[in-house]
Structures are given as C-alpha cells and as structure tokens.
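> Based on the provided sequences and hints, a complete structural model is requested.
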Amino acid sequence: MLFVTVLLEVIWIHAADGGQHWTYEGPHGQDDWPASYPECGGNAQSPIDIQTDAATFNPELPALQPHGYEQPGTEPLDLHNNGHTVQLSLPPSLYLEGFPRRYVTAQLHLHWGQQGSPGGSEHQINSEATAAELHIVHYDSDSYATLSEAADKPHGLAVLGILIEVGETKNSAYEHILSHLHEIRHKDQKTSVPPFNLRELLPPQMGQFFRYNGSLTTPPCYQSVLWTVFNQRVQISRDQLKKLQETLFSTEDPSELLAQNHRAPQPLNQRKVLASFIQEGTAEFTTGEMLGLGVGILVGCLCLLLAVYLIARKIRKKRLRNQKSVVFTSARAATEA
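FYI, in mature numbering (1 follows the signal peptide of the UniProt record, and there is no 0) the residues of the sequence shown are -18 to -1, 1 to 319.
Check each hint, because a few of them may be wrong.
To be verified - Cut-off 27 Å, straight-line C-alpha distance, at most; resulting in silico cross-link-like pairs (DSS-like, lysine-lysine):
| # | residue 1 | residue 2 |
| --- | --- | --- |
| 1 | K225 | K135 |
| 2 | K172 | K225 |
| 3 | K224 | K169 |
Source of the hints: derived by calculation from the structure; they are not laboratory data.
Set out below in structure tokens:
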C-alpha cells in the first residue's frame, strides 16, 4: 500500500511539473511561474499574510482532530529530496476529523530560508514570517481515489500549515526527519525513515487556527486547497534550523544549495480568512479610539441619567397634581356639607 502511495505521488509530481523547470529565484523564479503555469496567476493563491484584525471569528468551525498520527503503521516512511524541498511520504491510514469529508494524508514537506535570513515560512501572521514552515498534505478520499485525482478539484486538498520558530532546545519529533538529511543531500535521492509519532510535529494546542481557501504554493498552483494555519508555533533548535538550511542541494551535484524555498505572500483579493478563536487584538484600541470610546460611553450614560431624571420629574409632577386634586375635592366637599 505504501509503495502504491509513493508511486502515485511520483506520478502526480511529474504531471504537476509538466516536464518544465521552475525555481524560486532567477529566470524561472516565482514571478515567472504564471507564464508556464497559468493558475499561479489566479486570484486565490497561497501563501498569504494573515492579518488578525481582518480575520472573521467563526465559533462554528469544528475542532480539528488528527487520527492515526501517533502510530503511522510499521512500514518505513520514504524521505525524498525532490530538488525543491524535503518530502516525507505518509500512508492514507492517517486522516483528519473536523471537515465535512474525510481527508487522508499523502505527504509532508518543509519550507525554509537561508543562513542569516530571519524568515523562511510561507505564511505570515501580521506581516511576520517565522524561520520555517511545515505543510502536511491531505486529500479528499471520500470523493477521489488518489491524490493526483483530487489535486486540481475544488477543496480536493486540505493542508495543515505549522509555523516553526527557533527555540533553545532540540525538537525530538523534527529530529526524526532532520537527522536523515545527510542521506539525501542531492536531488532525487531517497532514504527510509522509521515510523514515529507525527502528532508531535503539530502544536500542542490545536484549537486556535485560521482557515481560508487557497492553492498549492508551488507550480502548478492548483486553487484546490482548504488551508488550516495554526496560530500556535512549534520550535526547533538553532542547530536543527542550520541543518535544514545547509545540508540539501537542489541539483544532482553539490552546486546549488537548497534554501530560500518559500513563495512570497499572495494577494488575498476577495477571500475571507476565518479564525476559530477571538484574537487578543480584537479588544485592543489606540489611544484616540479609547478616548472616543470613553467619551461615547460618558455621553450615553449622561443621556440615560437625563432621561431617568425627566421621567422621574414627570411622575413626581403627576403625583403632585393628583394630590392637589384630592385635597381640592375634599375641601369642596367639606364646604358644601
């Protein structure tokens, strides 16, 4: 089963490339992708710069639950340098819960920068990039038989985006991948990785995430991806990041270092970004806004007090008139008597 999955991925990769060469920079760089891959110039491209103050809180977004991630079988997993990234093939026994249909895993891969560069992630949050980003690719197995069949269909794919930053300690989960990079230094080299707990690659708290409709971030840029980008980040050590940045080559010989393999953020256009949580910044205001809000509240309170005062005054006058009327009636009755 794993062999079939890997074979299908290889077929999809070759079909996606269309036999054409592309890079992130230079003559075949990302600015020129639309010339060879028209969808790369579409209006629903990825990645994006997620602006939290523009994201729409949606309390009805279901919680995301990965199944089978802790035990991805007993078969070794194939790790591949495809010249653009390092990619780990995953069995379809792993799937996500939290979508209308079942999305099963196909592969995961990484994006990163270069030594001395602060950024390397594809997605940004409030214009801030992180050191690297992990993508875990799933396809809709309820509707399509294979990854290649689902790749260009609306919502055919669901990808998890995990932002990676530098921390003080080594991340043992990511080390399952990074410790094998020296075995696949050159393009098209492969090696086997023992299965490990993939859940530990994800943020500990998965409840806070952003959701939007987007695309593959590499050619052919199919606009078929339901993106989930987690708000919480994971950390790897500085040495681990250096290993990612300096070990692999994008060619069959050690001439071109595989680095800076991240696409620039694309225009959001008319798309909505949904959030599963209320961001802290939602309740934050500038000094001018706070002053205006305070004045507005004060004016509102004064108006309310004035209204209560006028109503009370009116009631009091009515009572006085009634009392005078009663006294006058009583006096008149006494006089007549």
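> Holds or violated: K224 and K169, Cα atoms, limit 27 Å.
holds (19 Å)
> Is K225 within 27 Å of K135, Cα to Cα?
violated (36 Å)
> Please work out if K172 and K225 have their alpha carbons no farther apart than 27 Å.
The given pair, whose Cα atoms are some 17 Å apart, holds under the 27 Å limit.
Violated hints amount to a single one, hint 1; each of the other numbered hints is respected by the structure.
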